[in-house]
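Starting from the known structure of chain S, fit chain E onto it as the hints suggest.
In order, the protein sequence lines correspond to chains S and E.
Here our numbering is used: the first residue of the first sequence is 3, the next is one more, and so on.
Here our numbering is used: the first residue of the second sequence is 120, the next is one more, and so on.
There are no misleading hints in this set.
Below, in silico cross-link-like pairs of lysine to any residue (SDA-like), each with a Cα-Cα straight-line distance of 20 Å or less:
{"hint": "1", "chain 1": "S", "residue 1": "Lys95", "chain 2": "E", "residue 2": "Ala140"}
{"hint": "2", "chain 1": "E", "residue 1": "Lys193", "chain 2": "S", "residue 2": "Leu53"}
{"hint": "3", "chain 1": "S", "residue 1": "Lys185", "chain 2": "S", "residue 2": "Thr195"}
{"hint": "4", "chain 1": "E", "residue 1": "Lys160", "chain 2": "S", "residue 2": "Asp51"}
{"hint": "5", "chain 1": "S", "residue 1": "Lys104", "chain 2": "E", "residue 2": "Asn124"}
{"hint": "6", "chain 1": "S", "residue 1": "Lys96", "chain 2": "E", "residue 2": "Glu142"}
{"hint": "7", "chain 1": "S", "residue 1": "Lys185", "chain 2": "S", "residue 2": "Gly47"}
{"hint": "8", "chain 1": "S", "residue 1": "Lys95", "chain 2": "E", "residue 2": "His179"}
In silico contact screen, one side only, chain S against chain E (beta carbon under 10 Å); selected entries:
{"hint": "9", "residue": "Met39"}
{"hint": "10", "residue": "Val46"}
{"hint": "11", "residue": "Thr70"}
{"hint": "12", "residue": "Pro72"}
{"hint": "13", "residue": "Thr127"}
Note that these hints are calculated values from the structure, not bench results.
All of these numbers come straight from a predicted model, not from anything done at the bench.
Built from N, CA and C at the ideal position, the CB exists for glycine as well.
Now for the letters of each chain:
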Amino acid sequence: MTEIDALRRAIREADPQLSRFDPLPRIISLDDFDRGMCGWTQLVGNYEDTLDAMLPGYAQHSHAMLSTLPNWDFGSHGGIDGSYALKIATRAKKGAQNVAIKRLTFRKPGPIRLEAYFTFKPEATDLQLSETDIRSFGFLYDLQIGDRSGPGDRVMPHLRFLNAQDGAHVQKWQFKRRTTPIKPIGQAGKTITHYHLAPDDWEDLPGGEQRLCYNEIPTKVNWHYLRFDFDLGAMQATRFQVNDRVFAMDGFDCIRIPAMKNLWCMLNLAFFAETDTDKRAFAYLDSVCLSGEF
Amino acid sequence: MLPENLTAVVARNESWTGESATEPYEAGWAREAIVFVRALKEPTGPLPKARIEISADGMHWCAEGSEFALPATKDAVSFQRVTHFGNFLRVAASLPAGGEITVLVTLHLKA
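Looking at chain S on its own, in the form it has when it is part of the complex (with noise of 0.2 Å):
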């Protein structure tokens, strides 16, 4: 570590927003949801004339909120220092996914860092613990190469936390290689779409088995760490943590693409949520900071 390097850690521990998180040298966003949305906003899907176009995945989504966490039997339950999170409901249907989105661009292709405190819960219809009600929690970045960078591609790396599938309390961390294939959206050739987030074609990451905190009944919450580190250069990842657990990423992969004529240097990372009954899943995010070595 060198002096700089030393200085930047010493100050970042005693700023009390910082000092949970471990961030690279630059920080491109600190959110904290009692600040607002902080630029998070609803992933809507492509369409070119009418609405009609969009595909049924998207077509799903709605807008995040800022949410205390409130419960009908104890109230709001707030975030990790302030009042606030930024919640992902899906609607009350099976399969039901949504999603939040933060839409960027890279300055410089090298590693970067997605660190975030996250829980989930499904609605509390029920006074049962209703821990398999949600299918899933998850998230993924949406890059493309520099116009100048190629040949190269649109990369896509995704991680869900699998809690359950069809009543089966699964509790493992999956990812994805695959999307739906590439379809034209209207008739002027601008605009493409496809379903990245699609139920099918996600694989076990390799011992990403991890029992997290559920709580004990459907409304008490607690706050989890996630780490996902990546190499905007080599377009791999290269750490994943959750909490106490540290996850090998040799088995791991992205969804790889073809570079769009519309999309150098984007650099998006969304949050999903997806629920396994008819009953709505909510996710939330208290705070989200991505940093990059540049």
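This is chain E only, laid out in the frame that chain S set:
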């Protein structure tokens, strides 16, 4: 810092028939809201008034008391101002048999 100000699209290209409502939306941070409803297609059949509903938990709903006309033609827009709504907010309508409207519903919220 400027107060939070959010445009949230809570229903997009959704076809409403029978008992219809937007998904529950938490906006306890907001002091005021305006709900806009735009008809994306030509509505058919009789159109009832839409109503604002509020909830303590997002599961059990009460009529807040505000009612407003749904837009009667394609691309027409109607709106309703709301204040003092607590946390959960939604727009609901009970369409009679034969009534259908495809809506874009937007919440404009201010702290």
